[in-house]
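There are 2 protein chains.
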Amino acid sequence: MQLITARYVATQPDRDPDVLAENIAREQSLELTRNLISETIAERFLGRVLDVTRLDQKRWQLDIGYPMELASQQIGQLLQLVYGNVSFYPRIRLVRLTLPGPLLERLPGPIGGLGRIRSIIEVPGRALLMTVLKPRGSPVDTLAALALEFARGGGDIVKDDQNLVDADPADFALRVTACARAIEQAAQETGRRCLYLPHVAGSGDHLQRQLDIVAGLGLSGVVLCPWVMGLESAAGAARARGLMWLAHPAMAGTFTEPSDHGIATPVLLGTLVRLAGADISIFPGPGGRIQTGHGDEVAATCQALTDSTTPLRPTLPCFGGGKTLEQASAAADRYGSDCAVLVGGDLIARGPGIRRDVAAAIARIDSACA
Amino acid sequence: MQLITARYVATQPDRDPDVLAENIAREQSLELTRNLISETIAERFLGRVLDVTRLDQKRWQLDIGYPMELASQQIGQLLQLVYGNVSFYPRIRLVRLTLPGPLLERLPGPIGGLGRIRSIIEVPGRALLMTVLKPRGSPVDTLAALALEFARGGGDIVKDDQNLVDADPADFALRVTACARAIEQAAQETGRRCLYLPHVAGSGDHLQRQLDIVAGLGLSGVVLCPWVMGLESAAGAARARGLMWLAHPAMAGTFTEPSDHGIATPVLLGTLVRLAGADISIFPGPGGRIQTGHGDEVAATCQALTDSTTPLRPTLPCFGGGKTLEQASAAADRYGSDCAVLVGGDLIARGPGIRRDVAAAIARIDSACA
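Order-wise, the sequence lines are chains A and B. All the letters of the first sequence, read from the start, carry residue numbers 1 to 370 under my numbering. All the letters of the second sequence, read from the start, carry residue numbers 1 to 370 under my numbering.
Because the hints were derived from the structure by calculation, they are not lab data. Where hints are given, some of them may not hold.
Selected chain B positions facing chain A (in silico; Cβ < 8 angstroms) [stated by the list, open to error]: (1) Leu36; (2) Leu79; (3) Val228; (4) Thr254.
Which bits of chain B does chain A cover? Going by a derived footprint, with three or more residues having C-beta under 8 angstroms, they are [to be verified]: (5) 27-34; (6) 156-168; (7) 240-251.
Listing some non-contacts, in silico: residues in chain B with all C-beta distances to chain A over 10 angstroms [what the hints assert, rightly or not]: (8) Pro102; (9) Ala145; (10) Gln185; (11) Glu189; (12) Leu211; (13) Pro286; (14) Gln303; (15) Asp307; (16) Pro311; (17) Asp357; (18) Ala359; (19) Ala363.
Here a beta-carbon is modelled for each residue, glycine too, at the ideal position from N, C-alpha and C.
All chains should be built: construct the whole structure from the sequences, respecting the hints.
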């Protein structure tokens, strides 16, 4: 039996930890009292308790195995399987998730990932610098000028802010076309291409019209908010167009912020986002206005996104949430070259100095990664 | 200026409450330091602090107003606007959400809701009894027989378990067709139609094939998991087919369970789900294996789903999570006739007595609502 294994930490469990583990295994798989489950069905579909270990005075670690078939080869169903109903139990946090090989092979994973990003921007071996176009309400020319100066300075990736959302696709087309042209202009000047990722939101026809526009401009990828749109919905929308996608973490703090509930950052914004096929995953990371809060989850998240023990392509880890240009090289120094740092406000504040300061920051990152 | 107003409760705030309120207003609207926001943009797009009130020793209530335009007339963007980035702030809970009239008129709301459900099942004025087809792995005949006996007993609504998910749409078609036929057979015998809602999951073509099958069978609605699929993605998929939908709360406990973080049940599974157009919203409610945990949120959630002060059709509130047949009439007694109670395991356990026990439960509910 191929099992998906999930590790939960139960803090001050509301019942005997062994009973709780059995309850979770059953709740998440068949959601029925044990005596109503036939042996045939139990053997094939019932979750099973693998281990219960006391961690300290208050916390127990519960390892549960779920038959692989329960995920139905769908990333949404996988999410539901490991945390759907148990999200209503008090103080249960999912902290580790391991998938069997045959399931890993059937889930999408990134279509491009870190390797393709490096190839597009022609940066083989250092940490990357990303910026964000904002604020909403800015004239299109202002946003395009920001993209242009960042790319001229040698910046690697420009993304739209997740607040850039248009009720009318015509406004989206105008804005994205102007920014794409700015990036193209810089590429002609510098001989190197910056990667531009517009933010696409909404659903149905509205979503598809925006993706049409992005594909029509020949862009390589988009920004999506999987914890708003749905992880599988986001992944499917990008994949259907052959677009790479950056997973923005909006709403994800709901899962990661409470220390005794939800899903730990390395699982949510590492393992699950990579399984779903995000090519870039933004998470708070070290320093700045918003930081990854619990222990040293930064390294664990980078590891989950990039480790080579799975058949999936690596996803580029990106630290976001109010980072400064100075923090970019520090992050590279600490976490190595396979990461990106998103600098927004600190860059915009530099006004006419953007180009120069980006070039200097890239040089510092180069040194840090040398 | 038309404002969306959001009320947050900050528990043991990590900075001065007035500063925190200003930070949230800015984070959620323009996400930029104040000095980099022009007056023109601020006037049109910047969130504003409406009120800061101390509730007790540990808690402050922060009322923030967001310009209506920021929601871009999209339910996903509304969600992002009121909790996207602030989800990463410690101990901030969204407890109330009020929309201005012009935005309410542009959001979908239920296409059928409580009124259409009552009309289909011909039950004008009592609480409703719902059951669930499970467990996964059961032969199709077993599930169809359960649906048949429930409908013969006079049960009102049958839904698929959210764990019933097929990797192959052909399996979905076989199962759903058999259950739909069972309901039809019961309707011919009893002269009254039970409402059957199959669970539809996944994304892209796979999702569309299942919706094709449901529409082809002439069924009225489906079960969707909006906190897995994405709230707007789920709503859009159902609306595009003219199908009603039941919002299953899988994963929603991530938001509702921590008492000092996330989004309160009346907002998440009440206001937001109704705005998105769910015709039925399941939430834990009173009693059973899983209960609504914080204060008396049950009445507030029912109120958010059904109050007539908005132009939206009312959504049917449904209490789920291990309720018993006995609890069904008790709930009707306490919360009135505009609710449903979902009874799963307790019904399945009755085996050959299902039909009789359903009829008796309906009679008790009838009395409770008389």
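Okay, the hints, checked on the actual structure:
1. Leu36: Where the cut-off is 8 angstroms and the nearest Cβ of chain A is about 6 angstroms from B/Leu36, the hint holds.
2. Leu79: This hint holds: B/Leu79 lies near chain A, its Cβ roughly 6 angstroms from the closest one there, short of 8 angstroms.
3. Val228: Where the cut-off is 8 angstroms and the nearest Cβ of chain A is about 5 angstroms from B/Val228, the hint holds.
4. Thr254: This hint holds: B/Thr254 lies near chain A, its Cβ roughly 5 angstroms from the closest one there, short of 8 angstroms.
5. 27-34: holds (count 5)
6. 156-168: holds (count 6)
7. 240-251: It holds, with 4 qualifying residues against the three required.
8. Pro102: Holds, since 13 angstroms exceeds 10 angstroms.
9. Ala145: holds (14 angstroms)
10. Gln185: holds (24 angstroms)
11. Glu189: holds (26 angstroms)
12. Leu211: For B/Leu211, whose nearest Cβ neighbour in chain A is about 12 angstroms away, the distance exceeds 10 angstroms, so it holds.
13. Pro286: holds (14 angstroms)
14. Gln303: holds (21 angstroms)
15. Asp307: holds (25 angstroms)
16. Pro311: holds (19 angstroms)
17. Asp357: holds (15 angstroms)
18. Ala359: holds (21 angstroms)
19. Ala363: holds (25 angstroms)
Violated hints: none; the structure is consistent with every hint.
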